[in-house]
Amino acid sequence: MAYLPLANILHHKLRSLLNALGIGIGICMLLTLSGLSRGSLGEIADRWDAVNAQLLVYPAGWGESTPTLSGVGLSDRFAQRIEQQNPGKVARAVPVFLWPMKVGGQDHLAAGVDPGQWDMLAGGKKLSGGRLFDPDMSFAHWLEKQLLEEASGDDLASITDADLASRGALELVIDSRLAKKASLKVGDDVHISNHNWKIVGVVPEGGLARVYLPRRTAQFLFGSGSITKSTVIFVDLVDDEGVEQASRDIRNDTRQEVVQVSQYRNMLQQKWGVMYTYVDAVNVVALIIAFLFIAVMLYTMVLQRTREIALLKSFGASSAFVIRQVLAESLLMTFAGCAIGIGVSYAAGWAIEQVTLYTVTIGPHWIAIAIAAAFAGAVISACYPAWRAMKIDMVEALTME
Amino acid sequence: MLQAYDLHKSYGRGSSAVQVLTGLDLRVEEGEFVAIMGPSGCGKSTLLHLLGLMTAPDKGEIHLENSRVDHCPRTRTAVRRRRIGIILQRFNLLPELSAMDNVEISLQVRGLRKTGLVDELFEKLGVAHLKGRKPSRMSIGEQQRIAVVRAMAHQPRLLLADEPTGSLDSKNTQNLLEMFARLNREQRQTIIMITHSADAAAIAGRTVRMKDGRLLD
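Protein chains in written order, with this note's numbering: chain U, 1 to 401; chain E, 1001 to 1217.
Isolated chain E (complex conformation) (with noise of 0.2 angstroms):
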């Protein structure tokens, strides 16, 4: 499903320059739920970037079913990126649309339409009663939750969750992982999530850490 091959990147210029990832090598199959957990600052929200197609690496290969896909054309990229569902740390809502309406905008993007599957996961993660509220009128945990119906709702191949839980309650917390579990084991989705909770991580098939830019064996 998902190869990464010596991924090297790194952000600013000259001596001011920052190495985030040195040298990074991470193999995902298909229907695989991988967490990553690490110290702050180690890469994983870098990886999880370079993996979402978001940004290149400057050195190194990531392959997606089989096509490298690391520094494809533009268009080509954006094309590849409608196929996966990706939730940030900061879940990036767009203010000027209601809950649902974030979610269509991002069908609309990947050219779908909206279907039973978007419902049913805002009943699923207890957020049915916000669909018509906007973002400036929600709880972080509410936002949170949008989120993840937004990255769900087009049933992506690949899902990249970046501390999904993080802002949840344990109720809550409990509902999002047990959504991934069951997507995960019915459907086969590939599910790759970055937490810091031992207890988010026990429900995924495998468990990687990172530090200082790399995979710890």
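Next comes chain U alone, as it looks inside the complex (with noise of 0.2 angstroms):
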């Protein structure tokens, strides 16, 4: 049986083609767009969750801030004075220096930590390859004899590059992704703020960082010169059931701010609203182009076939049978759109991430937005068209030359 939708899109290849391609980008901006916003920050937050602490401790009046800063910020003390204060409800309180470094063209924030607490951030991965910085904190113990027991300002300016990497101080540990994405290997040299480091492990991905160096390193180099301070300290506790008694306890303690690792999400989410809100409105806007295509597109189709659908009219065609012809053709090229704007959404977003360390998530009820929206704007912008098809007079398009 003829079915005139499909006929008429199959015997306009370019033209269905073209518009199909149309709606296929608008969808495609839509998942794309959305998928990496809400895919790198997923990530972000999936690698916080992934470290094995409950607790997040951070200095009180940075409020919603924390999830973008870094550097110096609460006193080491306080790591030990959470572990003092809380026997058998805290298993180990860890320091953890914060700063941006970039690596491989991109900016990542790198995580300075005492080797022996390295495990912490990394989730429970081991090392695919070469070894932890720093291993046995020769360089940690030389810094702090220099700085805290000696305490001389002359002792501080004389420490050079030199000493540093002949101390182990310049050594970083970097995730697979970005050793894959930045060409790196264990043993290879980069220079990253103005020193020169040495690769000397990789650990999968999934981590809390995708770089780790030594905090002392970190300290020194990034925190003034103090090495006294932190920028967060991760609180592992012994019984995960007393999260909300031993954070209040820790609040009290501390006078700092305290909150449980996995509400990282949320002021991760609530830190990037209004770029969701600026992603979002983008959508909007392609979608709204894309349908504005459609609906130009069937508008000339409609004025193209007066002939034709005058045609179907001396048959006897209802406007509901005229009307049909003109959603169907509409909601196939919107079926094509969309298939073509999934698919090559998945390819965009593979692409994204051979090519960069973003993540893009395509999730399934934003794939289910997106067909919805494109249905949605079929139906509509197939309105005119199909009521001026509804309107053709018989007689003057069946007549004309």
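There may be inaccurate statements among the hints.
[To be verified] Stretch-level coverage of chain E by chain U, calculated; a stretch enters the list once three of its residues show a Cβ under 8 angstroms from a Cβ in chain U:
no.	stretch
1	1048-1056
2	1074-1082
3	1101-1110
[To be verified] Each pair of labels, with its calculated beta carbon distance range:
no.	chain 1	residue 1	chain 2	residue 2	range
4	E	P1073	U	V274	54 to 60 angstroms
5	U	D393	E	T1022	19 to 25 angstroms
6	U	D393	E	Q1155	26 to 32 angstroms
7	U	S319	E	V1018	25 to 31 angstroms
No wet-lab data here; the hints were simulated from the structure. Glycine is no exception: its CB is placed at the ideal position from the N, C-alpha and C atoms.
With the hints as a guide, dock the two chains, each given alone in a separate frame, to form the complex.
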């Protein structure tokens, strides 16, 4: 049985392809942009969730900016105090110095941590190659002796890059995804933040950071020479059940902000809520443009095919039949556009992840939203052309030259 | 079967309006084969459009099978139109469909399915080999014959034809006219055919002549 809308689409192959591409680009923008923004933030939140700690302590007054801040925050003594004041409740409190470092052409929040505590941040992952930085803490002890025990400004000035390098201070562990993207491997030298570093280990991705370095190095280089303060403290509790109580106790004792690590995802989303709004607004505009495209195409189709539509009416086609033809053509085109858009989105997501360290997450609910929006747009944009088709004067259309 | 009283039809508005039909009366009995002849511009095609319910008269009445049909609601008119077969001067085949699909879409609109009659019509009009071919790859005569198949495929009670042999060679003209005559004779098909050809008109049971928007007595 002849199916006119499909026949019409196949008859005008180039026009149909361009229309489907127009819709597909709109769908692709919606899926890729939302997948990129939410995927990248989601991936960061997943990595924070992987940390083997329940509580996060950060300086009072940082408020909602916490997810993006780095550098000097609170005294390392809080870590000792938290452990001392909560015996039997706190397994360990680990100070971490966070600092942005540009590796492989992209900024990463590097984590400065003592090698003995690194396993907490790695989320249980083992090194897949090389070794940990400053494994026997020799540099950390030397620096502590220089700066904390002797406390001399002259000593601080006399420490050179060569000293740092020779004592194993400028060593990095990176995750496997960064290693792959930046083509780095164990033993490579990299120049970052005006210092020459050596890659000493690679860990599978999924831990807190993509770059790890000795906490003392991070504090010394990026903490203005002070090695007494870190950015945050992660607290691992003995009993997961007592998280709320432990959180209150530590907050009352330290007068610092204490949140559950699992809340970090919400903090991140709140921080970047404006970006979501912006991305969603761009997506809406992209979809509106895509459907204006369909509306113009259908309207042009109706104008071009007045004779055919008049002919159908001369056979006795009802207004509903004519509307169905226009609507079916719009929906078929949208179906093809959706298929193209979803396919291209997955391809674009894969390409983005290959070229950059961003993560594109195309969730089924976003696909459902995109399809629903596309079909709603197809119906709305078919309304006026369908109405015009219904109003075509048969005699005029069938007798005109 | 069909009665038209005092039909008036004009095109255009105001001073540019052209009066095409000026009080035309026509009566066609069931099973009758009527040929309408007349000079160009006398209103033959306009009469056919009115009888085919493709447009409404400005004044006058049309009765089809004892029902007045000239100013019915759109939906009811569409349903009545399905029972009429019409062959227009321009064949108006859908370019995106094959010959067979062009016939099938007309059946689909009417809520019908293809029957053996369709293949028979293709055979009789010598276009069986064109079933899968699109109009762009047919001659004018071939397109005309497909349009005839399409108009007759649903066995209409009333067949209206506007110069159906205009683009056919003498052999196909003869075949088509013989088919009309046979349908009229054997199945009492009511046919109203517009033609400029006296030979074609001769096959009809009655010939009426038009001039200046009216039938000549």
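Hints that the structure is at odds with (numbers, increasing): Those not satisfied: there are none.
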